[in-house]
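Let's have the full structure, built from the sequences with the hints guiding it.
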Amino acid sequence: MRPDANESGLTAAGGPENRAARPRFNPTLSLSVLILLLISTVALAQQRFPPPDFESGHKLPLTTTPAGRAFIYEYVDVAVLAACIAISVFLIYRKRSRAGLVGLSLFSLAYFGFYRKGCVCAIGSVQNIALALFEPGYAVPVSVLAFFILPLAVSLFFGRSFCAGVCPHGALQDLVLLKPIKVPAWLEQALSTLPFIYLGAGVLLAGTGSAFLICQYDPFVPVFRLSGRALMVIAGVALLALGMFVGRPYCRFLCPYGALLKAGAMVSRWRVTVTPDNCTQCRLCETSCPFGALREPEEVQTTPSVLRQDRRRLAFLIALLPVLVLGCAWVGDFFSGAAAALNPTVSLADRLAAEKETPAKSGALSPDDLALDRARQNADEFLRNAEAIRKRITTGSRIFGGWVGLVIGLKLVGLSVHRRRKDYEPTPGDCLACARCFEFCPSELVRRGFPNGFASQPLDGSPLEPALK
Amino acid sequence: MQNQRPKTILPGLDFATPKPRLNSMHTGWQRVRFISGVFILLAAAAMLIENLASATLDPLKSPKLAALKDKLRQNPADESVKQEIRQLDLQLRADYFGRLSRSGSGVYLLLGGGAVFVLAWSQCNRFEKKPPMPQPRTEPLDTAGIARTARWSAGVGGAAVTAVLLVLGLVTGKARTDSPVKDSQISGSQTPAASQAVSSEEELKRNWPRFRGQGGNGVSEAKNIPQSWDTKTGSGIAWKTPVPAPGFNSPVIWRGNFFISGGDAARREVFCYECSTGKLVWRQPVENVPGAPTKVPEVPETTGYAAPSVATDGQRVYAIFATGDVAAFTLEGKPVWSRSFGPLKNPYGHATSLLTWKDRLIVLLDQGESEDGKSKLYALDGRTGKTVWETPRKVGASWATPVTFEAAGEAQVVALAIPWAISYGLKDGVELWRVEGLNGEVTPSPAFAQGLVLVPSPSEKLFAIRPDGHGDVTKTQVAWSTEENVPDVTSPVGTGDLVFTLTTPGVLTCLEAKDGKKLWEHDFEMECHASPSIAEGRVYLFGQKGTAIITEAGRQFKELFRTEMPDMFHASPAFVDNTMILRGSTNLWGIVSPPK
Amino acid sequence: MSPPSSNPNNPSRRQFLKDGARIAAAAGLGGLMGSIAMRSSAMNTVWQIDPQKCVRCGNCATHCVLEQSAVKCVHAYAICGYCQLCTGYFEPEPNDLNTGAENCLCPTAAIKRTFVEDPYFEYTIDERLCIGCAKCVEGCNRFGNGSLFLQVRHDRCVNCNECAISKVCAGDAFRRVPANAPYLLKTTSHGL
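Residue numbers (numbering that gives the first Met the number 0), protein chains in the order written: chain A, 0 to 468; chain B, 0 to 595; chain C, 0 to 191.
Simulated from the structure, these hints should not be mistaken for lab results.
Straight line, CA to CA, 30 Å or less: simulated BS3-like cross-link-like pairs of lysine-lysine: (1) A/Lys421 x B/Lys128; (2) A/Lys355 x B/Lys426; (3) A/Lys181 x B/Lys129; (4) B/Lys129 x A/Lys178; (5) A/Lys94 x B/Lys128; (6) A/Lys355 x B/Lys333; (7) A/Lys390 x C/Lys166; (8) C/Lys52 x A/Lys390; (9) A/Lys355 x B/Lys385; (10) B/Lys375 x C/Lys52; (11) B/Lys129 x A/Lys421; (12) B/Lys426 x C/Lys52; (13) B/Lys357 x A/Lys355; (14) C/Lys52 x B/Lys385; (15) B/Lys357 x C/Lys52; (16) C/Lys166 x A/Lys355; (17) A/Lys178 x B/Lys128; (18) C/Lys166 x B/Lys385; (19) C/Lys166 x B/Lys60; (20) B/Lys129 x A/Lys94; (21) A/Lys181 x B/Lys128; (22) B/Lys60 x C/Lys52.
Now the structure itself:
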C-alpha cells in the first residue's frame, strides 16, 4: 500500500487527479473491513477501534489550539476607551475643536469599529448587565462592566461625550452625514421615545436569557466585520445611506445605550454650550445642529386662560400616567407570548409539548428534530425548566409593558411643560456634543482670536471664501 | 440683510469672487464623488446578486452531486460516473471558495469606494458651504403649536408601538402559565409513572420484564410461587385462555399485566392481558412501520414470526418480529414509535428477544454470515427509538438472547455468536471482553450466576467466565468449563452455589458453581425446549408434551411435583408474587397459589 | 422628560434638583456596579462547544456570523483508531477505499488522508477548507471512536457578545468558557 498523494491547499486538495482511484485491494465494501481490523488488534478494547501502536514509530500530531486574543488586551481596550473619553471631553469642553473630534472619530472607528469589530461595545454591554442582574450564574467580564459604566458615569458630568467621538457607531454615522436635512419637530419627538422602548425590550430579552436583541439587530457590527447576515448588512447600509441626510438616525431614534446616556446627560454637571460667552442671539447657529438638539430661546407668552388650560392639561397627563402604565402592562402581558417565542428553551418546550405523543423520527434528522430529541431525553425536567422561564418572561413582559407606558406618559408630560430659554442652547439630553455649532458662533470666533481663529481650519486658508451662487 | 446678497457677513470676509483654481478643484472633487458613487453602487449590486444567487443554490448540498452518487451506488463499477462526480465535486468546491474569496475582496473594494465617496463629498461640501443667513421671522415661533403636534405624534406613536406589541402577542399567543392546554400536557407528564423515567432495580426484579426475567437469568425473586396445580380438577388454575396468535415467545409481566406477541406473515400483534383474570386488556397490530421492506421474509414454521419475547422497562413495552420491525407501546397500548431493521438475514428466522437497560432498549441483530458484516448490537432510546449507540459485530446469525449484569464496575451486556461470547459496556456499546469457543447453532442464552457468566456452546461445552477482563480473555478469565450434558436449546440457570442445565432430551444436571463439578444428573426422558427456571429454591421444568415438573434446587435430586397439562410448552414461564404465567401452544395459563 | 420644574425665578432650585438627580444617579450607578462587580469575573469569556453535547446538526456551518464559520472540525489523534475505512472520511458504503470524490464524505475535501503503516491511515483537517458542517464528526461518532469533533477556533471567532450559533444549537452544546482555557478537547472516546 502506498501513501496518498500529499494533499494541501485548495488547489491541490482532492482534485480529480489527486482523488483518482488507485485500487490497492478489493474490500468488501462495508464495515466488515474495519471489523477485521478490530479483531486483529483487540488488546485493550476500550474503544471501538483501539489506537494503534505504530511499529514505524509514527508520532501522533498534537491537536492545535490557536489562542484567541490575549487576555491583557481586555485591559488595553478599557484603557483606550478611558483615554478616548478623556480626549473627547477635553476636545469638547477645552479645545472646543470640531476638527479634533473628527480625528478622534476616525480613530475610534478604526479601533473600536474595524479593529475590534464592534465587540466589545457599550451598547451591547447593557444586555450583559441585565443578564448578570437576573441570572446569578452569569459573570460579567470586568472589561464589559467598564464599557458599561465609564461612558455612563462620564455622562453625569460631561453629557454625551462618549457619543461625540468615542462610540464607533456614532463616529461612522457622523462621518457619513453629508447633506443634513431637518427632521420635523413632531416626528423627532415621537421617534425619541423609541430608544427607551428598545432599551426595555433589550433588557427584557437579555435578562430572561432569551436573546441579545440589541446585538442581533445591530446594523453596524456587520459593517465593521465586513460580513454578516445579508439582511443585517443591507439594513446597516440602508441606515448609512439614510444617515447621509438624517443626522445619526441610529443614535437618535434607536440606540438603547444612548437612551441611558440621554438620561445621564439631562442631569449632567457641565453642558455643551454654543459659546461660553454671551449669546448675542444673532441666530447664525440656528440651523447648525443636524441632530435637532439646538433649541431657540423660548419666551412663554401666554394669557391666564391659556395658562389655566395648560395647567389642566399637565394635571390630566400626570393623572393619566398610572393609567398608561397599567394599561401598557396589560398589553405587555399579551406580548409575553411573543417574547417567550424568542427564548430557545421555551420555544423548544412548546414544540415538545405539541409533539410529545408523536413518535420520534428516525433517519436523517434536521437540526430542529435533533433539538427535539435532546428535549425528549429528559422531557419532564425540560418542560418544568421552560415553565419557570416562561413565568419569568411573563412577569418581565408586564414590567416591560409598564415601562413603555411610563416612557410615553413622561414624554407627554415633558411636552406639556413650559420651558424658558434665554439663549440658543443645545438640549443636554439630545446634544451629541459633535461641536458643529461652535464654529457658527461669531462670539466664539472672536473669542478664538478671529480672524486667526480660522487658522485651525485646513484648506490652504481659503475655505471661508466660497462663491455665493 | 433682507433681500440683498451680503457682500460680507463678517468683517474681512469676501464671498463675492470665486477663484478659478478653487473652481477646478471643486469640479474635480465632484467628479471623484460621482465616480466613486457609481463604483459603490456597481460593487454593491454585484455582491448582492452573487449573494442571492449562491443563497438559492448551496453548492455544498448539490442535488446533482447527490443524484450522481446514487447512480454510482446502483452501478458501482461505472467509471464514467466516478469521473463525472469528481469533475462536479471539483467544480462545486472551486465555485464555493471562489465566491468566498470574491466576497472577501469585494467588501474591501466597497469599503474603499465608500471612504473615497465620503471624502469627496465632504470636500465638495467645503466649496458649497453657504454662510448661514437667518431670515427675520414674520411671526413669533409657535412653541405651543409645536408642542401640541409633538404631543399628538408622541401619543399616536406610543399607541402604534403598543398596538405592535399587542399584535405580536396575539399572533404568537400569550405565554400564560395557566393556559389549560399546556397545563394538562404538563400535569399529564408529571404522573408518577412518567416522571419516574427509569424503573428501579427492585421493581424490575419484582416483575418479570423480559425473557427469563430481569437480567435474563431465569431466576425469580417472587414469593409464594405455585407449588402444585391440577388441570383436571382445576385446582390452582386461575384461568386459561386461548393463545391469540402463533408465536414461541414467553410472557413478560409488569404490574398485574402480562404481555406477549404473536403473528404470522400477514399480521403481527402485541397483546396485553390481566394476570389475575386472563382478560385481554389491549391488542395492537405492528403495521405501517416506517422504512419496513414491503416483502415479508420467509421464516420456517419452527421459529415463526414471533419467536422473540417482548420486553418492558416499566414505561413502555417493546416488541420485535422476524420481519425486523421493532415497535414500542405505552403500557396502556398506545403506539409510541416503531422502526424497521428489516429485512433480517437469518436462515431460521430472528429469535433473539429484546431486553432493556435503564431507559434504553437493547436490540441484538445477528444476521447472515460473519463476512456479511450485518450483525450489530443496538441501544435505542426507549422514548424515541433513536439509536443511542450501535456496535458492529463481526459474526453471523445467532438466536441466543443477551444477559445484562453489573460487574467490575461496568454495566455489561453479553451476547453470543460463533465463535465469540462478547461483553459490551451498556453505556456506550464499547466492547469490554470476549471469549472464543462457541460453535454450532448458538441458541441457548447465557446466564449470570455467582459472579460468573455461564456461556453454553450448544451440545459441546459450558463456559463459566469471570466478567472482569479486557480484550480476548479466552485464556485468562474462563473459570471453568465442562462438556457434560451441555444443552443445545435451553439456557442454564444458577442459584446459590449451584448451576442447573437441561438438555433437549430431558437430562437435568446439577453442577457446582465454583468449579463446574457435576453433583448429580437426572433423566426425565421428556423433550424440553423451555428453559429451566428457579423460584423460591425450586427448579421449574416444562416438557414439550405438557409435563410440568418441580424439583428442589439442591445438592441432591428431589422431585417435588409433577403434573400433565393438556398443552405443549416451548416458552419459558413468567413469575410474580403468587402467580405463574405459562404460554402453551394452544392456551395461556394463569396458575396461582392462595395468598399466604 | 426632565423634571417638570418651571420656575424661572428660582434657578437655584432647578440647579438643586439637577444636582440631586445627578447624585442619585451616580449613587444608583455605583450600587449597580457594586452588585454586578461582586459577580463579575476578571477573565473574559469565549464561546466553545462541549463535544459531549454536540449532536452534529450542521448549524455551525450555516449560522456563524462569519461567512466561513469559525467552527472547525478538530482531531484528537490520541483516541483515533487510524482506521483504513474511516467512517468520518468515507461515505457510508464507499465505492472504493481511495481518495476519489465519489467516496469522500467531506464536501470541501478538507480532510487529508495519509498512509502511516499497514493498515493505518492518519486523517488531518485543513482548517482553511473546513466549513464545520460536522458530516465527518457524525460519521466518526456514530461508527468510530469519536476522535473528530467540532470546536470554535479562536483565531477566527470574533467572540460575539451572544454567539449566533449558540441560539440555534440543537444540542445546547455552546457555552461561555474562561478565555484562558478556551478549548474543550476530547480526551476519551464517547464521553467515557
